[in-house]
Amino acid sequence: MKRLLVLLILWLPVYAHAAFNVFACEPEWAALAKEIGGGDVKVYSATTAMQDPHRIEARPSLIAQMRRANLVVCTGADLEVGWLPVLLQNANNAAVQPGRPGYFEAARFVPLMEKPGRLDRADGDVHAAGNPHLHTDPRNILRVAEALTARLAELDPANAAAHRARGQVFAARWQAAIARWETRGAPLKNLPVAVQHKSFSYLLAWLGLREVAILEPRPGVEPSVSHLARVATQLQETPAQMVLRAVYQSSRPADWLASRTGIPALALPYTVGGNDRAQDLFGLFDDTLDQLLKAAH
Amino acid sequence: MLRPALLAAALAAAFPVHADPQLDALRAELQELKSAYETRIQALEERLKATEANAGTAQIRTVEYREPAAARPADPTRSNAFNPAISLILQGQYAHLEDRDERGITGFFPAGGHAHGGVERGFSVGGSELVISANIDPTFRGHLIAVLADDAVEIEEAWFQTTRLGQGLAIKGGRFRSGLGYQNEQHPHAWDFATNNLVYDALFGEGYGNDGLQLKWVAPTELFVELGAEAGRGANFPGTDRNTNGAGSYALFGHLGGDVGASHSWRGGLSYLAAKASEREGELEDINDLHAETLFSGKSKIWVADFVWKWAPNGNASEQNFKFATEYFRRSERGSLECTDNTQDGGACDVLDGDTEDAYHSRQSGFYAQGVYQFMPRWRTGYRYDRLDSGSVDFGANSANLPVTDYSPTRHSLMLDYSPSEFSRLRLQVSKDKSMADVSENQWFVQYIHSLGAHGAHRF
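As you go down the protein sequences, you meet chains A and B in turn.
In terms of my numbering, the first sequence has 246 at position 236, counting the first letter as 1, and numbering is strictly consecutive.
In terms of my numbering, the second sequence has 408 at position 402, counting the first letter as 1, and numbering is strictly consecutive.
Read the hints as simulated data drawn from the structure, not as lab findings.
By construction, the Cβ of each residue, glycine as well, lies at the ideal position given by its N, Cα and C atoms.
Some hints could be false.
Over the 12 Å line for every Cβ pair with chain A, so calculated as not near, a few chain B residues [stated by the list, open to error]: (1) Pro116; (2) Gly172; (3) His193; (4) Tyr278; (5) Arg336; (6) Gly377; (7) Phe466.
Pairwise CB distance ranges (calculated) [claimed, not checked]: (8) A/Ala187 / B/Leu422: 47 to 55 Å; (9) A/Ala29 / B/Gly172: 14 to 22 Å; (10) A/Asp133 / B/Lys438: 41 to 49 Å; (11) B/Pro383 / A/Val179: 49 to 57 Å; (12) A/Asp286 / B/Thr227: 47 to 55 Å.
Extracted from the complex, chain A is given alone in its bound form:
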């Protein structure tokens, strides 16, 4: 027992400093942290593209990972309000508490859309700060990348130069990619679309698509068949070219509407890991653009 304790004590500090651990709440920030941190960081993603980031439980594995983290990278804007505070309270990690440099919220570096005019739970799952699905606009990722580069350099001074260099390389590649996507996405301008949840507001605003219908009666509330029937009637007056949903969302509402109206339903990857092609941030937008363009024809 005594030997075990001594071993544990000797081993702990070594273990804690073995790597710079990044705890990312969502896969997009995990991917971004990998781009900027490269081999100097160890990145853990708390969620996958198959999970609804609103509805995660504070599992023991997440508490354990947060305990080890040197930097926590999350979206903020209430997206993780149900579970991130629980993790922060139970992980006993002083370095990543809100207000400390180890706590990074992407929403602080991006202008948010759709700030609600009134706050009332009768309106469903309302986010007071605005729509939190901000990474679906690649220009926002660039903003966050810049801030994250600075934060990594601050927290990991030994590798600061490497972080900055990788950050610059990423920014350059990303800007070129944005230009490419914008050229490719030009035909999508003004295309009317329906969405299941307001997951793609930033994407639509960026490419100039028009959101003509939302399948959810209120944010976060699953549509009933009668509500979908009303949406279908509405779509007869203002037709949409496609129905968009994220892969983690139930396929039923979009598929039902697609079968009823003949409008193609697309399952967009939404984030990194959402399908085979969306294995990194570049692949995510390549695939999203491909799917949109294919359905637009």
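With chain A held as given, fit chain B onto it using these hints.
Here is chain B on its own, set in the frame of chain A:
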């Protein structure tokens, strides 16, 4: 945007054509207002067009956006700027029960009353729970849970916790629910069933709360390892309030947990609680089947083993998920038991005989196991089985007065609940309750649990 102009127009139209000069003046004023708005709207539209044109040429050069940090709203995790996060839980139920003078668990001393109230027949409102929490300063966090009942406000929890002790350590102080077991830290609104399980019912009444200190450590490992120690006043069952310095109860607990693939997660633990009791009041039926009151002084030691396993396809619990939870306890109590004189009613405890106070030793155990399945969004169903073992009870000389039972109290519960949103839940439950010997009762419950205010926590 057009609303003021429309309003002005509507008002103007509402006035009759041949009105008196006063009305004319009003109409002129409105006209003025209307034109003023129209010019402002025109100006705004022009500005919008200009901005759109600019945006077209700007394209990628949008990175310079940076709001000054001070102007940003507060962190969502800090909830509400400087105001604490406040939430209020409303709960109530309709219970269809048989008429009984007394309810208890055969072979177990009752674990004391509670402000949440026992189970009442018919319609009743449970205690409304008020939760207030916030960071106190960079060093501490504070939390209060008060239960508002008809004739009392009970402080269920009122504690502070350190937030920057480092090394995975945190100290909690004040009144708090012990970290032992799995369900102990959950308040009734978070239970998966309308009624408490027999294990917690017999051990603590609702859950073990204490006034004291807790030290908790989380290991920096991939496997979740949490160790905790508590010392406190120990005023609650199975201990009693004692007029002394020092601590009346100690608890130790450890939990392990992790994921198995993307779809499974688990947590298991072992806890120990030792509490001192001094003249703890209890009620029993004596050997003549008459009401007898007892006083226990001594030590109560409890071991609890808990295990929780959860499944959700790809870890996405919003469509379907399953939860299994079980807890097992062993309790040993050693000390002396006094049976207060009840000879006036014809009872067996006769103080004049001189043998109503003697050594007492009991070893009892029990468990519950439950499964809750969300079969479609918003709908869950669950089954729970509770079983206690009266174990071995040695009343010493009181054996002449008090009977020993070998009855095993059990209860089956089946529930169905519907949650229109994260903030509301309606539940139907039917239980077959055999917690009292010779009684098999079918119980029906219809329950609502609503939460107002701050977003609830998704605990494991």
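Do the hints match the structure? See the list:
no.: 1; hint: Pro116; result: holds (33 Å)
no.: 2; hint: Gly172; result: violated (5 Å)
no.: 3; hint: His193; result: holds (15 Å)
no.: 4; hint: Tyr278; result: holds (17 Å)
no.: 5; hint: Arg336; result: holds (24 Å)
no.: 6; hint: Gly377; result: holds (17 Å)
no.: 7; hint: Phe466; result: violated (5 Å)
no.: 8; hint: A/Ala187 / B/Leu422: 47 to 55 Å; result: holds (51 Å)
no.: 9; hint: A/Ala29 / B/Gly172: 14 to 22 Å; result: holds (19 Å)
no.: 10; hint: A/Asp133 / B/Lys438: 41 to 49 Å; result: holds (42 Å)
no.: 11; hint: B/Pro383 / A/Val179: 49 to 57 Å; result: violated (43 Å)
no.: 12; hint: A/Asp286 / B/Thr227: 47 to 55 Å; result: violated (33 Å)
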